[in-house]
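Once you have looked at the hints, place chain C on chain V.
Spelled out, the chains give:
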Amino acid sequence: MYLRDDRAGAKTREMITFLVGGQEFGIDVMSVREIRVWTPATPIAHAPSFVVGMINLRGVVLPIVDFAARLGFPPTQPTSRHAILVAEIGKQDVGLLVEGVSEILTVSNEEVQDVPNVGSDSTREFVYGVLAKQGRMISLVSIEGLSPNRQAAA
Amino acid sequence: MNFDDLKLRTKILVPLGLMALTVLAVIALSSIRISSLGATSNEIITQREAGASELARARLAAVYLPYSVFAVIIYDNDAPNAKAASSDYKNAIEEANKHFDRAIAALPDRALEIGKFKERFAALYERSKSAYDIGYASPGAIHGRNLKPEDLDDMAKATALADGVDTDSRALVNELSDFTANISKENAAAALQLGAEGSETVMLLIGVGLAAIVIIGALALWMVGAKISGPLNRLSELMKALAAGDLNVSVGGANRGDELGDMARSVEVFKQTAVERARVEDVAAMARASADAERERAAADRARDAETVATAIRALSDGLNRLAKGDLTARLDQGFSGEHVQVRDDFNAAVDKLSETLRAVVTSTSAISSGTREISTASDDLSHRTEQQAASLEETAAALEQITTTVKKSAEGAKHAADVVSNADQDAKKGAVIVKQAVEAMDAIAKSSGQIGQIIGVIDEIAFQTNLLALNAGVEAARAGDAGKGFAVVASEVRALAQRSAEAAKEIKGLISASTTQVDAGVNLVAESGKALERIITQVSEINRVVADIAAGAHEQATGLQQVNVAISQMDQSTQQNATMVEESTAASHSLTQETTELASLVERFRVGGGGAPSLRRELEKVAPHAFGKPAAPPVRSSAGRPVAKPVPVVKRAKVANGPAADDGWSDF
Chain V
0 MYLRDDRAGA KTREMITFLV GGQEFGIDVM SVREIRVWTP ATPIAHAPSF
50 VVGMINLRGV VLPIVDFAAR LGFPPTQPTS RHAILVAEIG KQDVGLLVEG
100 VSEILTVSNE EVQDVPNVGS DSTREFVYGV LAKQGRMISL VSIEGLSPNR
150 QAAA
Chain C
0 MNFDDLKLRT KILVPLGLMA LTVLAVIALS SIRISSLGAT SNEIITQREA
50 GASELARARL AAVYLPYSVF AVIIYDNDAP NAKAASSDYK NAIEEANKHF
100 DRAIAALPDR ALEIGKFKER FAALYERSKS AYDIGYASPG AIHGRNLKPE
150 DLDDMAKATA LADGVDTDSR ALVNELSDFT ANISKENAAA ALQLGAEGSE
200 TVMLLIGVGL AAIVIIGALA LWMVGAKISG PLNRLSELMK ALAAGDLNVS
250 VGGANRGDEL GDMARSVEVF KQTAVERARV EDVAAMARAS ADAERERAAA
300 DRARDAETVA TAIRALSDGL NRLAKGDLTA RLDQGFSGEH VQVRDDFNAA
350 VDKLSETLRA VVTSTSAISS GTREISTASD DLSHRTEQQA ASLEETAAAL
400 EQITTTVKKS AEGAKHAADV VSNADQDAKK GAVIVKQAVE AMDAIAKSSG
450 QIGQIIGVID EIAFQTNLLA LNAGVEAARA GDAGKGFAVV ASEVRALAQR
500 SAEAAKEIKG LISASTTQVD AGVNLVAESG KALERIITQV SEINRVVADI
550 AAGAHEQATG LQQVNVAISQ MDQSTQQNAT MVEESTAASH SLTQETTELA
600 SLVERFRVGG GGAPSLRREL EKVAPHAFGK PAAPPVRSSA GRPVAKPVPV
650 VKRAKVANGP AADDGWSDF
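Protein chains in written order, with numbering that gives the first Met the number 0: chain V, 0 to 153; chain C, 0 to 668.
The following block holds chain C by itself, in its conformation from the complex:
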């Protein structure tokens, strides 16, 4: 792969990447060195120096040992110094051993020498014990001459013993001091070496970094200069040449694979385009030259025509000026030639038409005025009628309220009547049952009467026969003469009895007959009353139906009243709308009158030829006298002026002018 084919980004990133790698390497190296230095210094500070200080403390114990022994010998045991010395002595061996052990732990390379020091101190401490014991038993030197000779001897003996200890102790202390100083010296040397190592590391790092910067900088310079900036400069020069119009330059680097190659190819395309454009511009320049010649010829023609047109326009301007002043008699006849004759003719025709139109306008104005008068009168009437309608609506609403009350009452009455009729119906049905029973009872009576009649007939027959027998007996007795006289009496008595029974039977028959007749009459009457009851039932049901009809009628009336209410509400709205429209139409008629006046004054400004002016003016004066400053005829004014003011009371009354409040004013309906 060719290096030139890499992208510019890659080319820039390569030195940067190398730089980053170098920095990483330096950081890693310095980290390793610094951590090594840190470990060494740590050892010096924490271990070796600590061991030295422990040895110094052990040396202090060796210094204090003889002092404690002497203090015990000299001081009384109760003295504070003696007590402190005694305590120090007792702790001395433990204290010294502790420090020696720590020193051995801190300085393992010197453990043998420190062990020897430790043993020597232990032996010294053993030797000092006898001096200490004697000193502790003896009283203090403070007693002076009061001291016993034995005590003084003991003290001398102890002092002698302690003296040897002191001498050895001093030697031990001196050696320990030398040893400790030796160690400190070693530590100082190690620290010095550490500092040297640190400086060396710094120098190394600076050297490596500088080398890397130089190498990578050189690489980057080469990259930017040779591989990016150089080709870009060449392309820039090329494009400048192209811009300057030098189309003969050749575009290099088009075979490169990076962005610069793309740019080179694009520039090649620009070059080709520019070459094509130059060719086209040559063609266009030739065309422009021929067009300029044509234009000059046309300008000469135009100058010639312009003179003719100027003349015509002056004449036309003159005519139009007269026209603007309202002179409709203006006509064009001079200053036109050729194609402008048509303009003249058109102007004259237009003015003629305008004159005719104005005459027509005058006539129309008259008609409009007449119409306006009629509209005004009609508006007046309409306002009156609207007022009356509003009053009628109020009366209607009041009447409707009464009707509503009445209908309510009649509905209640119908309901009550329905209840009563229902009771009557039940009673009538009960009555019908009773009548049926009565008819049956009457029939039974009639039947019994018939049977009694038959029995009475038999009795009557018997009485009749008995009478005949008695008569025959009487006849026989009479024929028997005196012998039959007694029998005749008996026969007479029998006949009398028969007669009486016959009479009784007759009476009974008559009574029975009368009773039968009456029973028949009663049956008939009961049947009649039954029929009457049936009729009553029928009529009651009829009444029931009628009452239901009345109730339904009342309900329908209520519904109808509701509809009437709605209708009245609508009428109310219509009345309001009518009032508004009356107002509007009145205003419109007023406005129309004004417009008519305006129209008349406008038309009056025109002067129409052919003696038409006086008649036109007369007509206009008749139509709109106020336009000519004369007092108007009263009837015209009143009819034209009244509707403007008159409808206001109507409007106020209907409260239409108050907008939404109008509904409140009419809601009573």
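For reference, chain V alone in the conformation it holds in the complex:
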């Protein structure tokens, strides 16, 4: 577990939070390469349902994953106000379609709480902790779980 190890090594870390399906999620800022405004994507043949399509990012083809659909929520209807988080998952860059990027938080390890055990391994596979801060509930998402390849493998 990369993140756990990483957390064990440092006292604090930077988390970038975003909105999907009305919920607030957070991922480690180190795995984010950049944030872009939504641009229409070209659909990919026989791609999983949560893969919206692909875009041209400075000459590189970037697959776009619908974060809400990936988490089992209803698919997002993208607008110009939606954003794409370009994240580095493994060695591959993947665009995550989100409703909006909120902020960059500095989070200490003590603040992160475990995910309640709801009897589902899949949940634990995506969300590794919950940050309850200032009346907000931020789910911390493991970026590796979001890879399209993993879903395809699963």
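None of these hints come from the bench; they were simulated from the model.
For each residue, glycine too, the CB sits at the ideal point set by N, CA and C.
Heads up, some of the hints might be wrong.
Claimed, not checked - Per the computed footprint, the stretches of chain V lying under chain C, defined by three or more beta-carbons under 8 Å from a beta-carbon of chain C, are:
#	stretch
1	25–32
2	92–104
Unchecked claim - Subject to a maximum C-alpha distance of 20 Å in a straight line, what follows is the list of computed SDA-like cross-link-like pairs (lysine to any residue):
#	chain 1	residue 1	chain 2	residue 2
3	C	K484	V	E102
4	C	K484	V	E13
5	C	K484	V	R12
6	C	K505	V	Q133
7	C	K505	V	L18
8	C	K484	V	F125
9	C	K505	V	E13
10	C	K505	V	E102
11	C	K505	V	L104
12	C	K484	V	E33
13	V	K10	C	A189
14	C	K508	V	R80
15	V	K10	C	Y66
16	C	K484	V	L104
17	C	K508	V	S79
18	C	K484	V	R80
19	C	K505	V	E33
20	V	K10	C	R478
21	C	K505	V	R12
22	V	K10	C	A479
23	C	K484	V	S107
Chain C in isolation, oriented as in the chain V frame:
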């Protein structure tokens, strides 16, 4: 031309004309003679007598001349007599000459002799001058012995001179006296001759007039006797003979041309007519004789017929007598023969018909009585109703007055309402204009809001992009580790600013949105109020129309009221007429009742045969009981008697009985 052919007028006028000519001739002759006599007498009186008197005056001067000379000698010059004598003497010559000249002028045939007298007097006067001068110089004899001897000598000398003068003067005076007497004598002779001439003229005129009267009278007598009276007498005799029936006389003088000829011709015509009439009368006399014989035959026939007729008439008279007594059972059966049987049959038939008619009359009388009762009842009802109608008319008039007042008020109200509505209409139109302006202002606000919204969108977009850039910067700073910490702070600050501006933009957007919504609402509301105002305008015009209708309605009501007034007036008149008619009909029904009674009593006098009398009487008693002296049944009497008296109150109330005053009584309506 024959003298007989002249008209009678001409015949009468001829002697009259001759008479007139004679009178004219006498008048002319006497005029000439009288004017000649007048001229002669005039000459005698004015000329010759005047000349004689002038000579007498000249003689007086000759008488006084010696006296004056002696007076001057004897009297003192201062004595009055001496002064008068002196004055006479001085004037004597002028006086005498004047009279002599006048005498010469009056008696030109004696001018020579008078001239001689004049010269002698002048010479005498010359001779007397010396005596006068001496006498004038000497004092008067009054001085007596005081006179001087020279004076006495002068006086003697003057006296001697005067003596000669006196002697000549006396001779002159005597001759003048003779001469004057001579002239007077001539004048008397001339006057005498004048009188003789006058007598002669009178005699001449009397002679001429008498001659003319005799001649003309004879002519007139001949004219009237022979030419007018004679033929007239002959005609008169002729006409007397004709009148006496002597038609054999012959009419003379028919060929004359004057009126007598006309008369003669007319008499001839009379004679011819009389001859014709005598012939006709002869014919008529024969006709009359035959007619007399015929008449005598007819008289005999008539005497025969008269007997038969007398018998029939006696029988008829008997029957008619019974009939006159009311016996309708009378029938004729005897005393008729021949053509008079028809009369008998006709009489019997007539009596039968009369009986039948009387029965019918009784029946009709019953019906009339019943009808009279009904009429009386109806009259009663009618009078009641007329009374009620009069009361109703009064109430109607009062109600009508109230209605008139109300209508007047409503008309005034309608007028006021029309004014108010007019103001409201103007205000509403002004309001519509304001609403239009408000809508335009609202549209402008909405437009501005849209533009602000667009700007805010741009700002929001910029804020969004800035936020993303700040996030990317933050990501880059985080990835840079400790080296990027300061940059991360800056990025965070930038991101916060972007966030704030985004929030502000959002707020503004929200505000703008709300403002737009409100503006829209305001626009809608203003549009609504505009529509409402339009509706108000429409309704106001509707109200205007309605108010006009109300005003027109009020006017029509007024007109209608006028008509109602007229109608009520007519109803009033009708009511009055009804009242009059009720009175009349009541009186008529009363009169009808009386007539029915009279009829019943009349019919009762008849005796109808065949046992009909009792039933007829019974029927009559039923119909008109008062005719038989019995007390009448109350209901009949009341119904027959009431209408007579009852309508009077109605009439009084309506004042119909007062004639013209009735109009005043009802004019309140």
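Now for the hints, and whether the structure bears them out:
Coverage of the stretch 25–32 of chain V by chain C holds in this model, with 4 residues showing a Cβ closer than 8 Å to a Cβ of that chain against a need of three. Given as covered by chain C, the stretch 92–104 of chain V passes the check, having 3 residues with a CB less than 8 Å from a CB of that chain where 3 are the minimum. The straight-line distance between the Cα atoms of K484 of chain C and E102 of chain V is roughly 16 Å, inside the 20 Å bound, and the hint therefore holds. Distance hint between K484 of chain C and E13 of chain V is fulfilled; the C-alpha atoms sit about 11 Å from each other, no more than 20 Å.
Pair hint K484 of chain C plus R12 of chain V holds up; C-alpha atoms about 12 Å apart against a cutoff of 20 Å. Proximity of K505 of chain C to Q133 of chain V is assessed by CA-CA distance (about 23 Å); at most 20 Å being required, the pair is judged violated. Using a Cα cut-off of 20 Å, the hinted pair K505 of chain C and L18 of chain V holds, with the two alpha carbons roughly 18 Å apart. Restraint check: the Cα-Cα separation between K484 of chain C and F125 of chain V comes to about 29 Å, which exceeds 20 Å; the hinted pair is violated.
A hinted pair counts as satisfied when its Cα atoms are at most 20 Å apart, and K505 of chain C with E13 of chain V does not qualify at roughly 28 Å. For a cut-off of 20 Å, the pair hint linking K505 of chain C to E102 of chain V stands: about 18 Å separates their Cα positions. A threshold of 20 Å between alpha carbons decides the hint, and for K505 of chain C with L104 of chain V the separation of about 24 Å lies outside it, so the pair is violated. Simply put, K484 of chain C and E33 of chain V have alpha-carbon atoms about 17 Å apart, close enough for the 20 Å limit, and the pair holds.
Of the supplied pair hints, the one linking K10 of chain V and A189 of chain C is violated, its CA atoms being roughly 226 Å apart against a limit of 20 Å. At most 20 Å may separate the alpha-carbon atoms for a hinted pair to count; K508 of chain C and R80 of chain V meet this at roughly 16 Å. Among the hinted pairs, K10 of chain V with Y66 of chain C is inconsistent with the structure: their alpha-carbon atoms are about 230 Å apart, more than 20 Å. Among the hinted pairs, K484 of chain C with L104 of chain V is consistent with the structure: their alpha-carbon atoms are about 13 Å apart, no more than 20 Å.
Our distance criterion of 20 Å between C-alpha atoms is met by K508 of chain C and S79 of chain V, whose separation comes to about 17 Å. Note on K484 of chain C and R80 of chain V: the hinted pairing is violated, with a Cα-Cα distance of about 28 Å set against a maximum of 20 Å. At most 20 Å may separate the alpha-carbon atoms for a hinted pair to count; K505 of chain C and E33 of chain V exceed this at roughly 25 Å. A distance of roughly 16 Å separates the Cα atoms of K10 of chain V and R478 of chain C; the hinted pair therefore holds under the 20 Å criterion.
For a cut-off of 20 Å, the pair hint linking K505 of chain C to R12 of chain V is broken: about 32 Å separates their Cα positions. As the CA atoms of K10 of chain V and A479 of chain C are separated by approximately 17 Å, the hinted pair is consistent with the 20 Å bound. With a C-alpha separation of about 16 Å, the suggested pairing of K484 of chain C with S107 of chain V holds against the 20 Å cut-off.
Consistency with the previously given hints fails for numbers 6, 8, 9, 11, 13, 15, 18, 19, 21, ordered from lowest to highest.
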